[in-house]
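Asker: Chain by chain, the residues run as shown.
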Amino acid sequence: MISKDLIIIGGGPSGLCAAKTALESGLSVLIIERNPNVGGQLVKQTHKFFGSKDQYAKTRGFDIAKKLISDLEGFPNLEILTEATVVGLYRDRVVTVLHKDKYVRYQAKSIIVATGASEKFLAFENNDLPGIYGAGAIQTLMNNFGVLPGNDVVMIGSGNIGLIVSYQLIQAGVNVKAILEAAPKIGGYKVHASKVTRLGVPILTSTTVKKAIGDTELKAIEIVSLDEKWQEIPDTSRKMEIDALCISVGLSPMHQLLSMIGAKTKYVSELGGFVPVIDKNYQTTTQSVFVCGDAVGIEEASSAMMEGYLTGIYVSKHLNTAHRKADDLIKYYKEQLDMLRNGPFGIKTKTGLNKLKEGIHDA
Amino acid sequence: MRINEHPILEFPKKQKIFFMFEGQKLFGYEGDTIASALHALGIKTLSYSIKENRPRGFYCAIGNCASCNMIVNGIPNIKTCITFLEENMIVDKQSDKGVIK
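Listed in order, the protein sequences are those of chains A and B.
Per our numbering, residue 117 is the first one in the first sequence, and the count goes up by one each step.
Per our numbering, residue -4 is the first one in the second sequence, and the count goes up by one each step.
Chain B on its own, in the form it takes in the complex:
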């Protein structure tokens, strides 16, 4: 869900950016963070808690809380709320403490 009309702000449509999420090809727009692109597509679950495997979304959106950590291009613990989306990024949900392969 994106804002189309706003009394103060303008959101001109920007260039599409395609990326892979859990094996599925999706797109966001230039200027999106990974988390904002996913949220706009209705995807709110970004990871699962380590112990209880509970779904997690972002909480703070400014890089404080680590609730949005995901695996991006194979690298875990990426704060997706402050990481800009890039063409062909491979984004996956994280469910462990993060293992660097």
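For reference, chain A alone in the conformation it holds in the complex:
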């Protein structure tokens, strides 16, 4: 069995940032990544990020990914295993991995679960027809592989992802017929909404999809208007002919691995669903197992990165090999996180984090 100081599960923005501060502290680090490359979902994000320069603002997502990866160059204590899926997690910090066709076992002193999130789905008739995709899937298909999802698309959900992906669909030459939003108002930032409305895409609020139409693939959808109680208004049904439907109704934290070691979770709707219970150092209720990024609450990638840097430092302190600038950096990254959460959309995250903390004793 191979031993490592720290095993990071997930090579997305949060995991890569955690690796950086942990490596700077002298720890040996293994990143285990399921996909053929690290970078997580940044690699498909063509838009420029918000925030300040320290949070990689004004840089496109795929360029941030390159930067985070290059930050890890030159550390001899780093190993990255791609196309590797963690299949077992044990309380004594044994991690079992399926790497291509081989089964490998590792022993870690500490573990960081940085597994990110998965896209939520929506219940409606025929929602399983080919031609119905998650918004992230469309982004991957277009921006990583240069393949178009279809000719005529409707987006469900006007949160930031729905708005940004709609804009990217237009950039790729796809006709976005409409963005549907079940709530009475647009969910995402005004700046993103204005970009698509300026290009003539209607954002239909209080409207949702009722069913998908098609025998073997999507041909059309039936949409309806909703009243203030989210009930269908009679005689508002209309049909839209499309060949791709994009679902962007939020993300769920992905931390199922933690259930293998009995780490406690708590339902906090503001954070996207069930999230692991953590102490102030991002440690789960299982000793020496930490979690950061979207896996511990849905936010933007910028926050996931700051949490990653922080968690790497917390692990270094936990293993008594504290980063030489630990205290300064902790203060700094905490300030960055506060700044990111200070906007109007940060209220939700802050409320969620307070709920998560309720009744939990800090270690």
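Under the rule of at most 25 Å between Cα atoms (straight-line distance), these lysine to aspartate or glutamate pairs were calculated in the DMTMM-like manner:
#1 K236/A / E333/A
#2 K293/A / E0/B
#3 K183/A / E5/B
#4 K96/B / D217/A
#5 K92/B / D217/A
#6 K174/A / E416/A
FRET-style restraints, in silico, Cβ to Cβ:
#7 G93/B / P152/A: 18 to 26 Å
#8 I3/B / D170/A: 21 to 29 Å
#9 T198/A / H1/B: 23 to 31 Å
Residues from chain B that keep clear of chain A, each with C-beta distances beyond 12 Å, as calculated:
#10 Q10
#11 K11
#12 E17
#13 D91
Hints listed in this document are in silico derivations from the structure and should not be mistaken for laboratory results.
Predicted, not measured: the structure shown is a model, and the values here were computed from it.
Note that the Cβ used here is the ideal one computed from N, Cα and C, for glycine as well.
Fit chain B to the given chain A structure using the hints.
Answerer: Just chain B, lined up with the frame of chain A:
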């Protein structure tokens, strides 16, 4: 359908990769996953549901949802959205839980 012109990204034409899909010789390009190559050819149905035999395409494209599982070189339950296309691969639709022969 592939993107030819894009304001931010470049997609230079890469080497063709030939593969078999349901007994038919098709091609994608280097860097394609199996699912992206099929989608570019207009093939959206990748499998059929186990109980009702309903057609299934991919949903998440990042290896989460298992909606893109296919039989590749005789091995079932391959997540074709994160598996790169290789020359002479034999790709078939899957309609059961997956049987290893």
